[in-house]
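Novice: Using the sequences and the accompanying hints, generate a full structural model.
Residue numbers (the working numbering), protein chains in the order written: chain A, 1 to 175; chain B, 1 to 175.
These aren't lab readings, by the way, just hints derived from the structure by calculation. Because the structure is a prediction, the values reported are computed rather than measured. Hints may contain errors.
One copy or any two copies: either way a pair holds, since identical chains are not told apart in the list.
[Stated by the list, open to error] When the alpha-carbon atoms are kept at most 25 Å apart in a straight line, the in silico PhoX-like pairs for lysine-lysine are as follows:
(1) K155 x K39
(2) K168 x K114
(3) K114 x K175
(4) K45 x K22
(5) K92 x K171
(6) K95 x K149
(7) K171 x K98
(8) K92 x K149
(9) K39 x K149
(10) K74 x K45
(11) K73 x K156
(12) K48 x K170
(13) K74 x K114
(14) K168 x K99
(15) K155 x K98
(16) K80 x K149
(17) K99 x K149
(18) K45 x K156
(19) K92 x K168
(20) K175 x K160
(21) K22 x K71
(22) K156 x K80
Each chain is listed here by its residues.
There are 2 protein chains.
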Amino acid sequence: MQDGSIQVIVVLRIGHRINRDKRITTHVALVARAFGVDKILISTKDVKIEESIRSICNRFGGDFQIETGVKPKKIIQGWKGVIVHLSMYGDKLEKSIKKIDTNDDILIIVGAEKVPFYFYEAADFNVSVGNQPHSEVAALALFLDRYTKGMWSRKKFDGKIEIIPSNKGKKVISK
Amino acid sequence: MQDGSIQVIVVLRIGHRINRDKRITTHVALVARAFGVDKILISTKDVKIEESIRSICNRFGGDFQIETGVKPKKIIQGWKGVIVHLSMYGDKLEKSIKKIDTNDDILIIVGAEKVPFYFYEAADFNVSVGNQPHSEVAALALFLDRYTKGMWSRKKFDGKIEIIPSNKGKKVISK
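Specialist: Written out as structure tokens, the structure reads:
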């Protein structure tokens, strides 16, 4: 809570390569939005990904923000809350989550491929969602699920398009 | 339990396009492996993805299997257990999970892009992990987390490479 208002959750995506990581980074951003993150910062400038995420927000609602072309070290140096780095080398999720103050603002660093050692050092918590190679998309979703105590399942987006849960077929309301 | 032995979890990835979905499908396969699935079946033949997943299994352990170039309808028609299809249009995860018999074998269908209506009909359960657009990688991870009651955090892989959880740096044992 940098200004006494409600707590802020920000994802910092580093090492994004426009062509190679296009779809994975899009999934990272959409997971961030769906699981209650306020804003994603992406180190590489990428206008296309900004447009695609804003288009989703415009149709499906919520206040999610995206900014690309940020300087990761500057963001980290200016951050007043807790910093978490998701990594398969990190400490166990269940153990780490107990130590993280959920009243504080949180910056969650999500790397693509090899992450420079600087980020391991800069993080207050290096957190693993299992110590097997899998996916930063899944790791972010699981971390946010535990950190927000499953808030994604109750979050309201109030978008122009709303999907009604259904066991068969597609029920969509367009406002 | 098709043969009286222990329960089997299989993921069926449909609609995989070799170039476009290469990395997302790799993440789906790695999440399947890390979160306790026994085997992934991929509709499109893709030797490269087979090699890359087998290389991970060889180094990091476990009995995970991959087969590509399968016929989805044939798999579904021959399946004796429960069939789940993950979709943003599906019924709520928490509600669905209570209805699924966890002693039965389970086939989990994970689509890429638009899924033909056949699969919605063929599934016993269409399940959503939130009704917002996000990622089949995240949806699979969350589904498996709930379905296996967090088994991923206790699963042993006994691989040549083992990562020791750590809050700073990288602790790796190579056997």
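Novice: Would you mind marking each hint as holding or not holding in the structure?
Specialist: Status of the hints after comparison with the structure:
Taking the shortest Cα distances, K155 and K39 sit within 25 Å of each other inside one copy (16 Å), while across copies they are farther apart (33 Å). When the C-alpha separation of K168 and K114 is checked against a cutoff of 25 Å, the pair qualifies only between copies, where the shortest distance is 15 Å, while the shortest distance within a copy is 42 Å. Proximity of K114 and K175 under a CA criterion of 25 Å is satisfied inter-copy only: 22 Å between copies versus 44 Å inside one chain copy. For the identical chains of this complex, K45 and K22 are neighbours both inside a copy (12 Å) and across copies (23 Å), given an alpha-carbon limit of 25 Å.
Proximity of K92 and K171 under a CA criterion of 25 Å is satisfied inter-copy only: 13 Å between copies versus 39 Å inside one chain copy. For the homomeric pair K95 and K149, the shortest alpha-carbon distances inside one copy (15 Å) and between copies (17 Å) are both at most 25 Å. For the homomeric pair K171 and K98, the shortest alpha-carbon distance between copies (22 Å) is at most 25 Å, but the shortest distance inside one copy (39 Å) is not. Proximity of K92 to K149 under the C-alpha cut-off of 25 Å is found in both arrangements, the shortest distances being 17 Å within a copy and 16 Å between copies.
Taking identical chains as interchangeable, the C-alpha atoms of K39 and K149 lie at most 25 Å apart only when both belong to the same chain, with a minimum of 19 Å there against 30 Å between chains. Taking the shortest Cα distances, K74 and K45 sit within 25 Å of each other inside one copy (15 Å), while across copies they are farther apart (45 Å). For the identical chains of this complex, K73 and K156 are neighbours neither inside a copy (33 Å) nor across copies (36 Å), given an alpha-carbon limit of 25 Å. For a Cα distance limit of 25 Å, the shortest separation of K48 from K170 qualifies neither inside one copy, at 28 Å, nor across copies, at 34 Å.
For the homomeric pair K74 and K114, the shortest alpha-carbon distance inside one copy (20 Å) is at most 25 Å, but the shortest distance between copies (40 Å) is not. For the homomeric pair K168 and K99, the shortest alpha-carbon distance between copies (15 Å) is at most 25 Å, but the shortest distance inside one copy (42 Å) is not. In this homomeric assembly, K155 and K98 come within 25 Å of each other (Cα to Cα) both inside a single copy, at 23 Å, and across copies, at 21 Å. In this homomeric assembly, K80 and K149 come within 25 Å of each other (Cα to Cα) only inside a single copy, at 23 Å, whereas the closest approach across copies is 35 Å.
For the homomeric pair K99 and K149, the shortest alpha-carbon distances inside one copy (15 Å) and between copies (22 Å) are both at most 25 Å. Taking CA atoms no more than 25 Å apart as the test, K45 paired with K156 passes in neither setting, with 30 Å inside one copy and 40 Å between copies. When the C-alpha separation of K92 and K168 is checked against a cutoff of 25 Å, the pair qualifies only between copies, where the shortest distance is 12 Å, while the shortest distance within a copy is 37 Å. Taking CA atoms no more than 25 Å apart as the test, K175 paired with K160 passes inside one copy only; the shortest distance there is 5 Å, against 55 Å between copies.
Taking the shortest Cα distances, K22 and K71 sit within 25 Å of each other inside one copy (19 Å), while across copies they are farther apart (29 Å). Proximity of K156 to K80 under the C-alpha cut-off of 25 Å is found in neither arrangement, the shortest distances being 28 Å within a copy and 38 Å between copies.
Checked against the numbered hints above, the structure breaks hints 11, 12, 18 and 22 and satisfies the rest.
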